[in-house]
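For the record, the sequence lines run as chains A and B. According to our numbering, the first sequence is numbered sequentially starting from 52. According to our numbering, the second sequence is numbered sequentially starting from 60.
Rather than coming from a laboratory, the hints here were simulated on the basis of the structure. Predicted model only: the values in this text are computed from it and were never measured. Errors might be hidden in some of the hints.
[Claimed, not checked] Heads up, simulated BS3-like pairs for lysine-lysine below, C-alpha to C-alpha not over 30 angstroms straight-line:
id: 1; chain 1: B; residue 1: 203; chain 2: B; residue 2: 254
id: 2; chain 1: B; residue 1: 280; chain 2: B; residue 2: 254
id: 3; chain 1: A; residue 1: 59; chain 2: B; residue 2: 457
id: 4; chain 1: B; residue 1: 221; chain 2: B; residue 2: 252
id: 5; chain 1: B; residue 1: 203; chain 2: B; residue 2: 125
id: 6; chain 1: B; residue 1: 203; chain 2: B; residue 2: 457
id: 7; chain 1: B; residue 1: 254; chain 2: B; residue 2: 282
id: 8; chain 1: B; residue 1: 431; chain 2: A; residue 2: 59
id: 9; chain 1: B; residue 1: 280; chain 2: A; residue 2: 59
[Said to hold, decoys possible] Derived Cβ-Cβ restraints for the label pairs, each shown as a range:
id: 10; chain 1: B; residue 1: 477; chain 2: A; residue 2: 115; range: 32 to 38 angstroms
id: 11; chain 1: B; residue 1: 451; chain 2: A; residue 2: 92; range: 41 to 47 angstroms
id: 12; chain 1: B; residue 1: 375; chain 2: A; residue 2: 81; range: 29 to 35 angstroms
[Stated by the list, open to error] Which chain B residues face chain A? A few, computed with CB under 8 angstroms, are given here:
id: 13; residue: 131
id: 14; residue: 177
id: 15; residue: 181
id: 16; residue: 189
id: 17; residue: 192
id: 18; residue: 196
id: 19; residue: 200
Yeah, the Cβ is synthetic: ideal placement off N, Cα and C, and Gly gets one too.
Each chain, letter by letter, is given below.
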Amino acid sequence: MRDAVQMKVNGVTVRVPRGSTVAAAVLLAGRSTFRRSVSGELRGPLCGMGICFECRVAVDGQLHVRSCQMLCREGMEVTLSE
Amino acid sequence: MSERREFDVLVVGGGPAGIAAACCAAEAALRVAIADDNPALGGQIWRGEHASHSSNEAAYWYQRVKDLRLEHLSGVHVFAQLDSHTLAAETDTSVCELSFRSLILATGARERFLPFPGWTLPNVMGAGGLQALAKSGWNVRARKVVVAGTGPLLLAVAAHLKQYGADLRLIAEQASWQQLVPFALSLWRLPSKLKDALSLRRQLLGISYLTSCWPVAAEGKHKLESVTLRRGARTWSVPCDYLACGFHLVPNTELAALLSCAVENGRVRVDDLQQTTVPGTYCAGEPTGIGGLELSLLEGQIAGYAAAGRLDSARRLFANRNRMRRFAAGLERAFALRPELKELPRPETLVCRCEDVSLSRLREHASWRAAKLLTRCGMGPCQGRVCGPALEFLLEWKPESVRPPIFPVRVESLVAAARTDSETLHNPALRS
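Isolated chain A, as found in the complex (with noise of 0.2 angstroms):
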């Protein structure tokens, strides 16, 4: 890939497009699932612009990152609390 960036999600490397969103990155990693809901039901992005909270995951360690307003870096480390 043409001017990508390595990182990875829940410890499996994807390569995604530079600029990508860490939201992204984890559907590109094969996940639809981002999170489970207070009740425990799975769930995923739902607005994709920083309204919901429904996409957010652990990045470099800090919690509660929305996935959707956060650029991949290159070694990146994101967490899927599912």
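Position chain B against the provided structure of chain A, taking the given hints into account.
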């Protein structure tokens, strides 16, 4: 606080209205900045336009941003007011204090979501939501997509997803043909809108666009597998990978409300110069009522000129803006929600996705306030931004007052904001 920045004009929101406002204010050689929570300028409709321009209009405005060397504070979430001329904001790593002489709110809109069985399944997304992901690196090629809900956004999203290679199954629009025809005819009076409409029609040739049709359920085990649609007496299921579903747009008025600007019928009240009921605070674009790109650009320019004191330049745009406002009123009539949609959620369907509160639990209460206290509905991270507009439609519950922080923030940000607040209170020299 870690950093304090001072501006003559601060614009909150970097979509078309914010860009236009900032450019017009900056022409008067003022210190202007745009604070926006996204990584790049453009808001939702111009998402991705910083890299390559798909329209001449976007190219024009991005060039102006560049020529004026506008300061853009990206990834900045404004969460509280410190005093009448200072806001507190958080970035990924820090907290900052943004002070201003004049403020322009261009906080845009979000999609309205309505709950129906299965709407919380992964891969059921907003229409604009899926489009935003497709513009942010997600590859929708060959994915089977159903686009549903209401509003002109559905067509724009469908055309865009098709262009990205998605396998579009159909577009389900809840409005009736009878509702849409007068609106479609009114486009003749607005050549630019007519051109957009014809271009969308050309791009979507061969894709079925069903009016008076809406989703009644989404099914799937771990993620979406199919959606059930209803049209008249007919109910049928369509297998798909994604359901892109949104019921038109809702103005983002939280920041305006926090700053004590009057909000009426879900819109920020403004005068002819786009000034809110708080002197020196202006508002432009979707927060004053959903009107689309052109109206947002006009309101943004007027607000920018007004904030810079260039009233003649602002007044020259009034006629155009007022014409576009009439178009906006037509938009609202054409895509009004049909009452049948109130029957979409079953008693067990979750309405509040943050706290997993079902409709039946909410129905036990008389108001949102009571429901909040006893079910935590609307008290999760989205702070009612998703369930609020849904409950306004379903149960006619009015939104509650807005309190800081208007977004969940890190504890250290709250502490820093509180510290600054008390320093400011006890040291009159720091007050503006």
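Status of the hints after comparison with the structure:
1. With a C-alpha separation of about 28 angstroms, the suggested pair residue 203 of chain B and residue 254 of chain B falls inside the 30 angstroms cut-off, and the hint holds.
2. Restraint check for residue 280 of chain B and residue 254 of chain B: not satisfied, since their Cα atoms lie roughly 42 angstroms apart, outside the 30 angstroms limit.
3. Proposed proximity of residue 59 of chain A and residue 457 of chain B is contradicted: the alpha carbons are some 43 angstroms apart, above 30 angstroms.
4. Of the supplied pair hints, the one linking residue 221 of chain B and residue 252 of chain B holds, its CA atoms being roughly 21 angstroms apart against a limit of 30 angstroms.
5. Between residue 203 of chain B and residue 125 of chain B, the direct Cα distance comes to roughly 39 angstroms. Violation of the 30 angstroms bound is thereby established for this hinted pair.
6. A distance of roughly 37 angstroms separates the Cα atoms of residue 203 of chain B and residue 457 of chain B; the hinted pair therefore is violated under the 30 angstroms criterion.
7. Restraint check: the Cα-Cα separation between residue 254 of chain B and residue 282 of chain B comes to about 38 angstroms, which exceeds 30 angstroms; the hinted pair is violated.
8. Note on residue 431 of chain B and residue 59 of chain A: the hinted pairing is violated, with a Cα-Cα distance of about 38 angstroms set against a maximum of 30 angstroms.
9. A threshold of 30 angstroms between alpha carbons decides the hint, and for residue 280 of chain B with residue 59 of chain A the separation of about 26 angstroms falls inside it, so the pair holds.
10. At roughly 20 angstroms, the beta-carbon separation of residue 477 of chain B and residue 115 of chain A lies outside the given 32 to 38 angstroms, and the hint is violated.
11. The given range of 41 to 47 angstroms is broken by residue 451 of chain B and residue 92 of chain A, whose C-beta atoms sit roughly 24 angstroms from each other.
12. Taking the beta carbon of each, residue 375 of chain B and residue 81 of chain A are about 54 angstroms apart, not inside 29 to 35 angstroms as hinted.
13. A distance limit of 8 angstroms between C-beta atoms decides the matter here; for residue 131 of chain B the minimum to chain A is near 15 angstroms, and the interface restraint is violated.
14. For residue 177 of chain B, the interface hint is violated, the least distance from its beta-carbon to any beta-carbon of chain A being 11 angstroms, above 8 angstroms.
15. Contact between residue 181 of chain B and chain A, as hinted, is supported at the beta carbon level, the nearest pair being about 3 angstroms apart and thus within 8 angstroms.
16. Because the closest C-beta pair between residue 189 of chain B and chain A is about 7 angstroms apart, less than 8 angstroms, the hint holds.
17. Against a cut-off of 8 angstroms between C-beta atoms, the interface hint on residue 192 of chain B holds, since the closest Cβ of chain A lies about 5 angstroms away.
18. At its closest, the beta carbon of residue 196 of chain B sits 3 angstroms from a beta carbon of chain A; the interface hint therefore holds under the 8 angstroms criterion.
19. Given hint, residue 200 of chain B at the interface with chain A, is violated; its Cβ is 12 angstroms from that chain's nearest Cβ, farther than 8 angstroms.
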